[in-house]
Amino acid sequence: MYNYPYKLQKLINEVSRLPGIGPKMAERIALYIMKREPEYTENFKEILDGVKDITLCTRCFNVSDGNICSICAEDNRDRLIMCVLESPEDVVMVERTGKFKGYYHILHGLINPLNNMLAENLRIRELCDRVKGSNGEIKELILAINHTVEGDATALYISELMKEYAAGVKITRLAKGLPTGSDIKYADEITLGQAIVERKEM
Amino acid sequence: MYIKQVELANFRSYNSLKLKLTPGINVFYGINGAGKTNILEAIYCISTGHSFRAAEDSILVRHGREAMMVSVDAVDNGIERNFLLEYDSKARKKSLKVNGTKLSRLSRLVGMVPAVLFSPENIQIVKGEPALRRRLLDDMLSQVDNDYFLTLAKYNKEVAHRNYLLKGIKEGRIRRDSLGVWNTQITQNGIRLLLARFSAVENLNNILQNDLTGDKFSIRLAYTSKNYTVSDEQALRESYTAFFAAKFEEEIARSVTLIGPHRDDIEISYNNMPAKSFSSEGQQRLTTILIKLAEGLLIKSRRGVYPVVLLDDFSSELDEPNSGFIGKTFSLFKQILISTTYKENLRGFSPAKEFIIRDGEAGEMY
Numbered sequence: 023m024y025n026y027p028y029k030l031q032k033l034i035n036e037v038s039r040l041p042g043i044g045p046k047m048a049e050r051i052a053l054y055i056m057k058r059e060p061e062y063t064e065n066f067k068e069i070l071d072g073v074k075d076i077t078l079c080t081r082c083f084n085v086s087d088g089n090i091c092s093i094c095a096e097d098n099r100d101r102l103i104m105c106v107l108e109s110p111e112d113v114v115m116v117e118r119t120g121k122f123k124g125y126y127h128i129l130h131g132l133i134n135p136l137n138n139m140l141a142e143n144l145r146i147r148e149l150c151d152r153v154k155g156s157n158g159e160i161k162e163l164i165l166a167i168n169h170t171v172e173g174d175a176t177a178l179y180i181s182e183l184m185k186e187y188a189a190g191v192k193i194t195r196l197a198k199g200l201p202t203g204s205d206i207k208y209a210d211e212i213t214l215g216q217a218i219v220e221r222k223e224m
Numbered sequence: 016m017y018i019k020q021v022e023l024a025n026f027r028s029y030n031s032l033k034l035k036l037t038p039g040i041n042v043f044y045g046i047n048g049a050g051k052t053n054i055l056e057a058i059y060c061i062s063t064g065h066s067f068r069a070a071e072d073s074i075l076v077r078h079g080r081e082a083m084m085v086s087v088d089a090v091d092n093g094i095e096r097n098f099l100l101e102y103d104s105k106a107r108k109k110s111l112k113v114n115g116t117k118l119s120r121l122s123r124l125v126g127m128v129p130a131v132l133f134s135p136e137n138i139q140i141v142k143g144e145p146a147l148r149r150r151l152l153d154d155m156l157s158q159v160d161n162d163y164f165l166t167l168a169k170y171n172k173e174v175a176h177r178n179y180l181l182k183g184i185k186e187g188r189i190r191r192d193s194l195g196v197w198n199t200q201i202t203q204n205g206i207r208l209l210l211a212r213f214s215a216v217e218n219l220n221n222i223l224q225n226d227l228t229g230d231k232f233s234i235r236l237a238y239t240s241k242n243y244t245v246s247d248e249q250a251l252r253e254s255y256t257a258f259f260a261a262k263f264e265e266e267i268a269r270s271v272t273l274i275g276p277h278r279d280d281i282e283i284s285y286n287n288m289p290a291k292s293f294s295s296e297g298q299q300r301l302t303t304i305l306i307k308l309a310e311g312l313l314i315k316s317r318r319g320v321y322p323v324v325l326l327d328d329f330s331s332e333l334d335e336p337n338s339g340f341i342g343k344t345f346s347l348f349k350q351i352l353i354s355t356t357y358k359e360n361l362r363g364f365s366p367a368k369e370f371i372i373r374d375g376e377a378g379e380m381y
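So the sequence lines, in the order shown, correspond to chains G and Y. 23 is the number of the first residue of the first sequence in my numbering; add one for each residue after it. 16 is the number of the first residue of the second sequence in my numbering; add one for each residue after it.
If you're looking for bench data, these hints aren't it; they were derived computationally from the structure.
Stretch by stretch, here's where chain Y covers chain G in the computed footprint (C-beta under 8 Å, at least three residues):
hint, region
1, 129-138
2, 168-175
3, 178-191
4, 211-217
No farther apart than 20 Å at their CA atoms in a straight line, the calculated lysine to any residue pairs in the SDA-like style are these:
hint, chain 1, residue 1, chain 2, residue 2
5, Y, K169, G, R195
6, G, K207, Y, N161
7, G, K207, Y, L118
8, Y, K185, G, N138
9, G, K185, Y, S193
10, G, K207, Y, S119
11, Y, K117, G, E211
12, Y, K185, G, L136
13, Y, K169, G, E211
14, Y, K112, G, D210
15, Y, K172, G, L140
16, Y, K117, G, Y208
17, G, K198, Y, N161
Here are the in silico distance ranges between beta carbons for each label pair:
hint, chain 1, residue 1, chain 2, residue 2, range
18, Y, R191, G, K185, 16 to 24 Å
19, Y, S240, G, K192, 33 to 41 Å
20, G, H130, Y, E253, 34 to 42 Å
21, Y, S73, G, K154, 51 to 59 Å
22, Y, A260, G, G42, 42 to 50 Å
23, Y, S365, G, L196, 55 to 63 Å
24, Y, R120, G, I206, 17 to 25 Å
25, Y, A268, G, K192, 39 to 47 Å
Don't be surprised by glycine CBs; every beta carbon is placed ideally from N, CA and C.
Chain G extracted, bound-state conformation (with noise of 0.2 Å):
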């Protein structure tokens, strides 16, 4: 039976391991990028080879290009607060909020046992380190993680391991609730029913 040529189908297949990417569309893309000026290839080679100057920032865990990513770097962010996330893409989400001031902390990972994920496999000690390191600077920890069984996990564990290190330091989570510009009327009553569980006094 025929087929496409080697080198094609090997870049079919890379392509198609791709997330969210099916067989179709990996044959699509690849025979896009094939049909393009060799210019493009080279292009993309080079952003594909700077790919391993990405590393973690050593404060905070984020994306970086350097030891210490753009967040970190900026010194006049607010110190009293920490916001911790489950991964970098999260970040991104919360600066266009532009609600929130202060630095973050990567997890990287949620505790999931089913999937091999246990605590000390996220940066949850480092977490610990830097809060205790900042000798009460830190005041409030935002744990804007999910409502899921493994963010509560999760949540309750850093919880738990602050009354240890770092007693004074308030812990919050993000609310539930309703979404803003929704209607009640088409709210489900799950939803309806934590907004008026966590109402606020006005």
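Based on the hints, put chain Y in the right spot on chain G.
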């Protein structure tokens, strides 16, 4: 709530079928394999989103066809709503529409058309493994309490995580102090489930005695656990703490979480004797049906909606007094749908509407 009309297309043995039902007792007669259970199954699917006897949705599609449809018009307090369940076996897609609007998740369906089902296999609730009795409570509480439904899903996952950690500790891969948060989580969510179950058992016992058996005989449920008694939150918390301190090694050795709602049982007694070992087949059947009817009345009292009662293959083993006794309790419900082989099986009550099912078609009896 009652079902006014049910319509099937390519569902099981039916090419197409449309039946108008009425409040009260509706009976489907038919020989074995005629397709009478299929009608109850279709309504159960509308109630829960899945079948009570097909492990896979594709089995529900008529042989040689690709998609099936069940449409039910249900009336609650004078308000009529249409529920449409569609399954496409080629795309493996199931969808449910309420008055033409698609539900974003099938779990949103839970409790919209409440139903209780009795089928002959349910006698295993009395005779069989504890898991079946736990499931009885879980299914019932999930229908009346959204919080229970969500907590149960969380709890099961937490137990899975914890068991995996126990196994890792046994194999020396994981540190012994990794369990801390999981102990806290299963204690908290476990107790939430337990308190809901305790009160459900108490409710069921009251309903059984006050509304169903009276003083004629007694059917009682007793919640049992190796590690705690029926008590309040504080006492349960203490039991969990004591358990974790005493049984840690055993849990590691067996790599299983040995405390909590997933390990408990519900003892069922008939006239103060364990129904599992002392009751006859007929008494066990009677016990099961009455527990199911009690479940129906509990749903009614908690949600304010009458569930549709589905009795599959009714009275195959009930004698005349027992069949008549159950018949009298039917007046406590809005609608009962019964499938049975012969008219002679129904004693002590009279149907409002009767159908004869034959070769994938249903004829109304006048």
